[in-house]
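> Take a look at the letters that make up each chain.
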Amino acid sequence: MKPTPFIQICDLEKSFPLKRGLFAHLYQQQGYKNPHVHALNGINLSIEKGEALCVVGETGCGKSTLARVLMGLIAPSKGQIYYQGQRIDNLTHNERMPFRKSMQMIFQNPYTSLNPRMTIFQTLSEPVSFHNAKLTKEQVDDKVAELMLSVDLNPDLSDAYPHEFSGGQRQRISIARALSVDPDFIVADEPLASLDVSVQAQVLNLMKDKQQQHNLTYLFITHDLTVVKHFANRVVVMYLGQVCEIADANTLFTQAKHPYTQALISAIPRLDNNAITPIKLAGEVPTPLHKPTGCAFQARCHYANDRCRNEVPIPMQIDVSTLIACHAVEEERL
Amino acid sequence: MALLEVKNLNVSFGAKHNAVPVLFDISFILHRRERIAIVGESGAGKSTLGFALVNLLSKPGHIHSGTVKLDGTNLTTLTSPQMQKIRGKRIAMIFQDPMVTLNPVITIGKQMVEAIRAHTSINRHDAKKIVLEKLAQVQIPAPDIRFDQYPHELSGGMRQRVIIATALLLTPDIIIADEPTTALDVTIQAEILELLKSMCEENNVALILITHDLGVVSRVAERTMVMYAGRIVEEGPTLEIINDPQHPYTQGLLNALPQMTLAGHKLNQIPGSMPSLSDRPNGCAFHPRCQYAIEKCQIKQPNYIYSGISTVACHVLEDMISETSSSDSAFLNDGKDVL
Numbered sequence: 006m007k008p009t010p011f012i013q014i015c016d017l018e019k020s021f022p023l024k025r026g027l028f029a030h031l032y033q034q035q036g037y038k039n040p041h042v043h044a045l046n047g048i049n050l051s052i053e054k055g056e057a058l059c060v061v062g063e064t065g066c067g068k069s070t071l072a073r074v075l076m077g078l079i080a081p082s083k084g085q086i087y088y089q090g091q092r093i094d095n096l097t098h099n100e101r102m103p104f105r106k107s108m109q110m111i112f113q114n115p116y117t118s119l120n121p122r123m124t125i126f127q128t129l130s131e132p133v134s135f136h137n138a139k140l141t142k143e144q145v146d147d148k149v150a151e152l153m154l155s156v157d158l159n160p161d162l163s164d165a166y167p168h169e170f171s172g173g174q175r176q177r178i179s180i181a182r183a184l185s186v187d188p189d190f191i192v193a194d195e196p197l198a199s200l201d202v203s204v205q206a207q208v209l210n211l212m213k214d215k216q217q218q219h220n221l222t223y224l225f226i227t228h229d230l231t232v233v234k235h236f237a238n239r240v241v242v243m244y245l246g247q248v249c250e251i252a253d254a255n256t257l258f259t260q261a262k263h264p265y266t267q268a269l270i271s272a273i274p275r276l277d278n279n280a281i282t283p284i285k286l287a288g289e290v291p292t293p294l295h296k297p298t299g300c301a302f303q304a305r306c307h308y309a310n311d312r313c314r315n316e317v318p319i320p321m322q323i324d325v326s327t328l329i330a331c332h333a334v335e336e337e338r339l
Numbered sequence: 377m378a379l380l381e382v383k384n385l386n387v388s389f390g391a392k393h394n395a396v397p398v399l400f401d402i403s404f405i406l407h408r409r410e411r412i413a414i415v416g417e418s419g420a421g422k423s424t425l426g427f428a429l430v431n432l433l434s435k436p437g438h439i440h441s442g443t444v445k446l447d448g449t450n451l452t453t454l455t456s457p458q459m460q461k462i463r464g465k466r467i468a469m470i471f472q473d474p475m476v477t478l479n480p481v482i483t484i485g486k487q488m489v490e491a492i493r494a495h496t497s498i499n500r501h502d503a504k505k506i507v508l509e510k511l512a513q514v515q516i517p518a519p520d521i522r523f524d525q526y527p528h529e530l531s532g533g534m535r536q537r538v539i540i541a542t543a544l545l546l547t548p549d550i551i552i553a554d555e556p557t558t559a560l561d562v563t564i565q566a567e568i569l570e571l572l573k574s575m576c577e578e579n580n581v582a583l584i585l586i587t588h589d590l591g592v593v594s595r596v597a598e599r600t601m602v603m604y605a606g607r608i609v610e611e612g613p614t615l616e617i618i619n620d621p622q623h624p625y626t627q628g629l630l631n632a633l634p635q636m637t638l639a640g641h642k643l644n645q646i647p648g649s650m651p652s653l654s655d656r657p658n659g660c661a662f663h664p665r666c667q668y669a670i671e672k673c674q675i676k677q678p679n680y681i682y683s684g685i686s687t688v689a690c691h692v693l694e695d696m697i698s699e700t701s702s703s704d705s706a707f708l709n710d711g712k713d714v715l
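The listed protein sequences derive, respectively, from chains V and B. Last residue of the first sequence: number 339 in the working numbering, and the count goes up by one each step with no gaps. Last residue of the second sequence: number 715 in the working numbering, and the count goes up by one each step with no gaps.
To be clear, the hints were calculated from the coordinates, so they are not data collected in a lab. Some clues are possibly wrong.
Claimed, not checked - On the chain V side, residues computed to face chain B include the following (Cβ under 8 Å):
| hint | residue |
| --- | --- |
| 1 | GLN89 |
| 2 | SER171 |
| 3 | HIS235 |
We put the CB at the ideal spot given by N, CA and C, even for glycine.
Work out the full structure, taking the sequences as your base and the hints as a guide.
Take a look at the structure:
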């Protein structure tokens, strides 16, 4: 029997109803009944202990929603989430508490995810003393100093406020905050997006170090494929709330199968000037307001045929680690 | 004669007695039909430079000294109405976020017609014809339908296409594009860059591309200027700079890219971060983060020297070049080994 995966996501769906407001009104006028934004449409995923799983996709593909549902920040509409075999998506606030300690999140924008009115000491000590009520004040102080050192910040700065730090330093504080409760799973939602290239490297190295030191498991969400290649063990490519392809990072970059993955990889801005011409996709990401019939990608795909337009492709195991949802691959038209 | 000649441009923020200089001695030349890129991290002053070129610095920013000459006319001394005739007509600008650039309550067609009529005496009917033609040129499907739509009805990539079409309406000499693809997804970004490049070629327009992304630069620009803390530190042909960066900062910037490191290895990082312009280190602004820094770097601002590949401002490199005429020194090849 297969061992229980560290985290398992089954048939996860999330849709946001559009009930009030101008847009709901407009869409209802246009004949949409009961308009919903379908952010996630049946996601199946398992995360293994100790791996770095990257989720990539364009704006609006549901990658941030996936992170939030996984962390319990928003409730899923359908489906189950298991943490080490135990179902966690239907727990009450109090039942969920022990899991919050082992699952932490790093957000995209370190300018908004740190409370501007709390000093770094307050930001870091709050989760420490909240989750370990027995610690004395000295022990909390020590822990905070240790945390700051571990992310290369001078503990003497602990009484400073977030605005006194640069973007890279703030993101390191966010990492320290996530590590403050000794989690074993960290969800990082575009942690590099607001940082400069030279600072991105610092933060990425730090995250990699922490993974080795604490045997962390990462779910790393990004739109930057060059980072993925460097950071990930496995990659999930998402499109319009569906999984297109799951593959080992190496396999994905050398022999991507799904037409969307191929287009994404070809579009990476490269230094070796125009060695690869980007594959042109027709049109743009459609709105997640109504579920497309058939394959989510069919409207932009060069290989789409009638089957793609009508039938939703089911993810297929191509080899041990590669999973692809595409009729063209299945029929070997590609 | 060069199309645009910038000479010793100095820009400061604040009143005279406590002005903070933000751009130092910027000099460069842009030829007709040339595409150049200005690269740097946030806070390097690249957008400020873009605004300074068209005299759009918002208070308290002002041009302290230096000249910006367009076909021989010094733009820094023009009055505001004179400058308005140049902006949009001879120098057009494209900004990062198309949703902010377009007026949300006016149809795109009307906005574009207005842009034409602000500078010429073409009547509405003919202006509409030009607009439709330009919209078709930037590959917008069904331009006559789009003409009467509002910006919110268009997707991000489509909006940026409209902006490019608007910039091209009066066939300017120069387009300044400030991070034109940062707000877009990768697949759309590739398309927009391709479009921008081909549109400039077709219409004989010179391009100044401001970006932080070296991958974008290599796709579009012929020449590249690297900025650090308000100063150009390296300038030369794009491919040469990417293949053989000379300035330690350019080397660091390139080496920090994830694609420069084998998967699973540690990324090469530049320690520290860009200084804020109000407390810029003495001498070479990069010296606190530079692994090659010598004593001289802390005291004196380096001069520009030609390394055989690009023009660089670096003391260490200057010493190296004067000591040995051969360019095979280990330092010069530092970037190449990694590539």
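> For this structure, which hints from the list above don't hold up?
The structure conflicts with hint 1 only, although it agrees with all the remaining ones.
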